[in-house]
Amino acid sequence: MEFQTFQAIPEAFLQVMSLTCLAWIAIGTIVGILFGAAPGLTATTAVALFTPITFYMPLNVSLSFLMGVYCGGFYAGSIPAILINTPGAPGNAATVMDGYPMAKKGRAGEALGHSIVASWLGGTASAFALLIFAPLIASMALQFGAPEYFAVAVMGLVCIAGVSGKCLAKGVAGAAIGMVLGTVGMDPIDGLPRFTFGNLNLMGGIALIPALVGLFAITEVLAKAEMIGVSTGEEIICQVKRALPPLKDYITYKYLLIKSIVIGIVVGAIPGTGPTIASWMSYNEAKRTSKHPELFGTGIPEGIIASESSNNAVTGGALIPLLTLGVPGDTVTAVLLGALMIQGITPGPMLMVEHYDIVAQLLIILLVANMVMLAMGLLGSKYFPYILKIPFQVLMPIVAVLCITGGYAVNTSFFDAMMVVVLGSCGYLLVKLGFPVAPIVLGLILGPIIEPNMRRALVGEDLNPLVFISTPISAGLILLSFVLLYFMKRRG
Amino acid sequence: MNCKDQDVFSGGLLILFALPGYFCAAQIENLKVSKLSGAFFPDVCFTVMLVCGLILIRQGLQREEKIPLPSINWPKLLPVVGVLIAYVLIMEYVGFIISTMAFMLCCMYAFGVRRKKILLSVPIITAFGVYYLFGKAFMIVLPGLSDLGMFQ
Numbered sequence: 006m007e008f009q010t011f012q013a014i015p016e017a018f019l020q021v022m023s024l025t026c027l028a029w030i031a032i033g034t035i036v037g038i039l040f041g042a043a044p045g046l047t048a049t050t051a052v053a054l055f056t057p058i059t060f061y062m063p064l065n066v067s068l069s070f071l072m073g074v075y076c077g078g079f080y081a082g083s084i085p086a087i088l089i090n091t092p093g094a095p096g097n098a099a100t101v102m103d104g105y106p107m108a109k110k111g112r113a114g115e116a117l118g119h120s121i122v123a124s125w126l127g128g129t130a131s132a133f134a135l136l137i138f139a140p141l142i143a144s145m146a147l148q149f150g151a152p153e154y155f156a157v158a159v160m161g162l163v164c165i166a167g168v169s170g171k172c173l174a175k176g177v178a179g180a181a182i183g184m185v186l187g188t189v190g191m192d193p194i195d196g197l198p199r200f201t202f203g204n205l206n207l208m209g210g211i212a213l214i215p216a217l218v219g220l221f222a223i224t225e226v227l228a229k230a231e232m233i234g235v236s237t238g239e240e241i242i243c244q245v246k247r248a249l250p251p252l253k254d255y256i257t258y259k260y261l262l263i264k265s266i267v268i269g270i271v272v273g274a275i276p277g278t279g280p281t282i283a284s285w286m287s288y289n290e291a292k293r294t295s296k297h298p299e300l301f302g303t304g305i306p307e308g309i310i311a312s313e314s315s316n317n318a319v320t321g322g323a324l325i326p327l328l329t330l331g332v333p334g335d336t337v338t339a340v341l342l343g344a345l346m347i348q349g350i351t352p353g354p355m356l357m358v359e360h361y362d363i364v365a366q367l368l369i370i371l372l373v374a375n376m377v378m379l380a381m382g383l384l385g386s387k388y389f390p391y392i393l394k395i396p397f398q399v400l401m402p403i404v405a406v407l408c409i410t411g412g413y414a415v416n417t418s419f420f421d422a423m424m425v426v427v428l429g430s431c432g433y434l435l436v437k438l439g440f441p442v443a444p445i446v447l448g449l450i451l452g453p454i455i456e457p458n459m460r461r462a463l464v465g466e467d468l469n470p471l472v473f474i475s476t477p478i479s480a481g482l483i484l485l486s487f488v489l490l491y492f493m494k495r496r497g
Numbered sequence: 352m353n354c355k356d357q358d359v360f361s362g363g364l365l366i367l368f369a370l371p372g373y374f375c376a377a378q379i380e381n382l383k384v385s386k387l388s389g390a391f392f393p394d395v396c397f398t399v400m401l402v403c404g405l406i407l408i409r410q411g412l413q414r415e416e417k418i419p420l421p422s423i424n425w426p427k428l429l430p431v432v433g434v435l436i437a438y439v440l441i442m443e444y445v446g447f448i449i450s451t452m453a454f455m456l457c458c459m460y461a462f463g464v465r466r467k468k469i470l471l472s473v474p475i476i477t478a479f480g481v482y483y484l485f486g487k488a489f490m491i492v493l494p495g496l497s498d499l500g501m502f503q
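As given, the protein sequences belong to chains A and B, one line each in that order. Residue numbering for the first sequence follows this note's numbering, beginning at 6 and increasing consecutively. Residue numbering for the second sequence follows this note's numbering, beginning at 352 and increasing consecutively.
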């Protein structure tokens, strides 16, 4: 099977360079930066919240907007990390170590500059990695049958269940809850209703968008509602002067940069890992190999460069398993998977073969979005402290309105709007009990992939469960899942 | 059994959810030609939940230092959930703009905003802004007063 890799790229480039796409990339990047930087909101929330409006957009426009949100949101978590000592997302936690001390010394602009340049370099390099490695992995995945797809999806669930919470059992249970939610509606093989309790609205299943919006965004609104009147006591650093960092720093730290980017891409490409692991690994590696490790944590550029380049290198890395295997690399890509599916695109090896034009567009959009992100980050850094000053008492009701409107808009259904509230409230209680949200969502997304493949594989082999280890790939993946489970359990 | 431990409570909750789940799955119709019924996969999921529930209970009982149940600030949380439910319910009858303005006003007041200028301006700007953004930019028509036969 041949991939039309390079032929599709010039055409995709021309399509993305249209004024409409560029405008939506810019809007998406601004939205992503606003959400990533705003207190209590993340890139995941932004992608979940704005997915419903992309439903009515042409494919290239919706991809432009979502990729802009994705890149902008990933980067912007470093803004509160540097200016108020609170990471916007877990992936930016390592940036706090040197970003905030640097800002406290009156070098907030330089810290923000390092963060944006390192994020841009990481994001751009990872887009090229996606260009090179995605077709290779997809060509292997073309040999997959039902047992292999089942094994890949199970491995994705195991990974995300293991790393997204403090307790493995709760992560796995969360994935099972998500898969049960995914079984509501018509049976994909027999075509008979399941768990609909006579409600016609449930015949089509629990719609993905209301579930995403409810579980990721309403839970944030409710979490903030509980914190009313509780002061975070963080001081906002408002003085941001020069944003462009000295470029000679990047020549001095070139090996650190390359190492951090490679870590980001590799970690991002492992399903279920994500930016938190990548940025901490890079930060620790930078500190370990530094000639002056004692200066880490006092406000030095290396700390910011290592964590931020790695954090944004995850963006392209996490898209590799998503596009080639249909398994998301992290939480945001799990939401992106949902967004692509409502556009009628099913990520996987066949996407690479039959619609490489879409993948090529995605690559170009990712590169352009990183450029736009760089420009906005350098030009807008003076205004970032204002984003942090938006009171959440005003912001959260607006987010709630967007959640309900988004839930309603996809099918113009009040039932779906109510599902946003119900699933959001249930999700919030589960989060309070220590169940992570990401495996629930991934279970909901991957359940409908796992179930038919599992049943087809079993029926095809006369219900012999050994079918899942009958081929080297599926056996290897199942074994790898068990090994990962064992190590995650040991890690505690 | 110490139900005040978070893991024991969570485990119990999972079991309480899984057991009726088996019962509901057993009610799913089955095609006689199918080797595997539609209940097969839900049963697998409920079994995973049951096993996880038992593991959590065991984990909670064996641990010497108990994890306390999470403290939920119900007086702050319930009004917000109530207002959200009311928002969706009244939107069907009074349309998007009025329900959104009412929701935002109540929500911001519940969140502690007391400045009249903000309480009046933000709901109006948000309601009309979102209504026209969805209608004009995204071509998604939100329920309006015209749906109720008014202003036609």
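Hints are supplied without guarantee of correctness; some may be wrong.
Below are the DSSO-like pairs computed for lysine-lysine, each with C-alpha atoms no more than 27 angstroms apart in a straight line [what the hints assert, rightly or not]: (1) B/K355 with A/K394; (2) A/K264 with A/K296; (3) A/K110 with A/K494; (4) A/K253 with A/K296; (5) B/K417 with A/K494; (6) A/K259 with A/K246; (7) B/K355 with B/K468; (8) A/K171 with A/K259; (9) A/K394 with A/K109; (10) A/K387 with A/K109; (11) A/K171 with A/K394; (12) B/K468 with A/K171; (13) A/K437 with A/K246; (14) A/K387 with A/K437; (15) A/K253 with A/K494; (16) A/K110 with A/K171; (17) A/K494 with A/K394; (18) A/K253 with A/K394; (19) B/K468 with B/K427; (20) A/K171 with A/K296; (21) A/K387 with A/K296; (22) B/K417 with A/K437; (23) A/K387 with A/K171; (24) B/K417 with A/K171; (25) B/K468 with A/K437; (26) A/K292 with A/K264; (27) A/K437 with B/K427; (28) A/K494 with B/K467; (29) B/K487 with A/K394; (30) B/K417 with A/K394.
What the simulated footprint calls covered on chain B by chain A, stretch by stretch (three residues with Cβ under 8 angstroms from a Cβ of chain A suffice, anywhere in the stretch; the number is not a length) [stated by the list, open to error]: (31) 425 to 435; (32) 458 to 470; (33) 478 to 490.
Hint data in this document are derived by calculation from the structure and do not stem from the laboratory. Predicted model, so just to flag it, every value in this text is computed and none were measured. Cβ coordinates follow ideal geometry from the N, Cα and C atoms, glycine included.
Within a Cα-Cα threshold of 27 angstroms, do A/K253 and A/K494 meet the stated pairing?
-> violated, 44 angstroms
Sort out whether B/K468 lies within 27 angstroms of B/K355, counting only the CA atoms.
-> Judged against 27 angstroms, a Cα distance of about 46 angstroms means the pair is violated.
Pairwise hint evaluation, A/K394 against A/K171, where the allowed Cα distance is 27 angstroms at most | violated, 31 angstroms
27 angstroms limit on alpha-carbon distance, applied to hinted pair B/K417 and A/K394 | violated, 38 angstroms
Taking only the CA atoms, is the gap from B/K417 to A/K171 under or equal to 27 angstroms?
-> Since the Cα atoms of B/K417 and A/K171 sit roughly 15 angstroms apart, the hinted pair holds (cutoff 27 angstroms).
Straight-line alpha-carbon gap A/K264 to A/K296, limit 27 angstroms = Distance ~16 angstroms between A/K264 and A/K296 Cα, so the pair holds.
Measure nothing beyond the straight line between the CA atoms of A/K437 and B/K427; if it is 27 angstroms or shorter, mark the hint as holding.
-> holds, 15 angstroms
Is the straight-line distance between the alpha-carbon of B/K417 and that of A/K437 27 angstroms or less?
-> Answer holds: B/K417 to A/K437 is near 16 angstroms, not above 27 angstroms.
Do the alpha carbons of A/K110 and A/K171 lie within 27 angstroms of each other, as the hint requires?
-> violated, 35 angstroms
Proposed proximity, A/K296 with A/K171 (alpha carbon, max 27 angstroms) = violated, 34 angstroms
Under the criterion that the straight-line Cα-Cα distance not exceed 27 angstroms, is the pair A/K394, A/K109 satisfied?
-> holds, 18 angstroms
Taking only the CA atoms, is the gap from A/K494 to B/K467 under or equal to 27 angstroms?
-> Given pair A/K494, B/K467 is violated - Cα atoms ~54 angstroms apart, limit 27 angstroms.
Hint compliance for this structure: hints 1, 3, 7, 8, 11, 12, 13, 14, 15, 16, 17, 18, 20, 21, 23, 25, 28, 29, 30 are not met, and every other hint is.
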